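Undergrad: Let's have the full structure, built from the sequences with the hints guiding it.
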Amino acid sequence: AYPERGTQPIGVITPADRADATLAAIRGTQGVDSAQKGRTGDGWTEISVTARNAPQSAGETATIKALRDRLDGSYVGGPSAEQLDLKDTNARDRRIVVPIVLVSVLLILIALLRSLVAPLILVAAVVAVWGAALGIGGLVFGPVFGFEGTDPGLGLLSFVFLVALGVDYGIFLMHRMREESLAGAEPVTAALTALRTTGGVIASAGLVLAATFAVLTNMPLVQLVELGFVIAVGVLLDTFLVRTYLVTSAAVALRRKVWWPGPLSRAPEPPVQAERQPERV
Numbered sequence: 136a137y138p139e140r141g142t143q144p145i146g147v148i149t150p151a152d153r154a155d156a157t158l159a160a161i162r163g164t165q166g167v168d169s170a171q172k173g174r175t176g177d178g179w180t181e182i183s184v185t186a187r188n189a190p191q192s193a194g195e196t197a198t199i200k201a202l203r204d205r206l207d208g209s210y211v212g213g214p215s216a217e218q219l220d221l222k223d224t225n226a227r228d229r230r231i232v233v234p235i236v237l238v239s240v241l242l243i244l245i246a247l248l249r250s251l252v253a254p255l256i257l258v259a260a261v262v263a264v265w266g267a268a269l270g271i272g273g274l275v276f277g278p279v280f281g282f283e284g285t286d287p288g289l290g291l292l293s294f295v296f297l298v299a300l301g302v303d304y305g306i307f308l309m310h311r312m313r314e315e316s317l318a319g320a321e322p323v324t325a326a327l328t329a330l331r332t333t334g335g336v337i338a339s340a341g342l343v344l345a346a347t348f349a350v351l352t353n354m355p356l357v358q359l360v361e362l363g364f365v366i367a368v369g370v371l372l373d374t375f376l377v378r379t380y381l382v383t384s385a386a387v388a389l390r391r392k393v394w395w396p397g398p399l400s401r402a403p404e405p406p407v408q409a410e411r412q413p414e415r416v
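Residue 136 is where the sequence shown starts when you use the numbering used here, and the numbers rise one by one after that.
Hint data in this document are derived by calculation from the structure and do not stem from the laboratory.
Predicted model, so just to flag it, every value in this text is computed and none were measured.
Check each hint, because a few of them may be wrong.
[To be verified] The calculated label-pair distances, taken between Cβ atoms and stated as ranges, are:
no.: 1; residue 1: Lys222; residue 2: Gly319; range: 13 to 23 Å
no.: 2; residue 1: Asp220; residue 2: Leu241; range: 23 to 33 Å
no.: 3; residue 1: Pro403; residue 2: Leu359; range: 47 to 57 Å
Virtual Cβ for every residue (Gly too), placed ideally from N, Cα, C.
TA: Spelled out as structure tokens, the structure:
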């Protein structure tokens, strides 16, 4: 059997006066199958490198990283190197953007709801929806859509959209629940009233937004198809499962503590009025 080799060459650009030394270093790098010099111009020499492993595989990625570590002052590029750079850039952006967005949203919710617990519940719900939508997308992209993987920017883009949309719905529900509690309703009544009065608006908006983003699945670009699917699934999960059941159940279970440490958490709960039984004739 023939060994599996990369069909997309790795391009190395090195100073012309160090081309021979660079070529020798490349050939001595683990994972390199062959290397040969190409064009020279403006003081730079191009070297075409063939890896032993398949394109964009873990083995070729390790070879690219080894070349970059070994070849100081040279540039390692090519299609596989570009994909590696894109993945690294998105991973770095996620480490920066995700915490900034979550902290910013949390601070806004704290100022709006005069509470710490309720905003934490909403932020946790949004993150859970995002993770679930990405997981469902990862399960169906291959068998249903025939994709070999996911776009490197999918996680960050879907996070931004789902946080913005999910927090909006959470504000509708929690703010109405707080208004009912301030008006003197006991926690269960406040939660059910808020769910009943905002449920229609949230459900309608969720269906419209999910249908809007689902249209992207008909686009000829893999990135848009994956983004549209994940956001549509996330909006539906947030609207009909997380917001309706999980967030409301958490608020009911915590009762007044959901508004901690605000003054509403220390207010005495009104007595639960027993449901009036019909008189027997």
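Undergrad: Each of the hints needs a verdict: does it hold here or not?
TA: Cross-check of the supplied hints:
no.: 1; hint: Lys222 x Gly319: 13 to 23 Å; in the structure: violated (54 Å)
no.: 2; hint: Asp220 x Leu241: 23 to 33 Å; in the structure: holds (32 Å)
no.: 3; hint: Pro403 x Leu359: 47 to 57 Å; in the structure: holds (53 Å)
Taken one by one, the earlier hints fail for this structure only at number 1.
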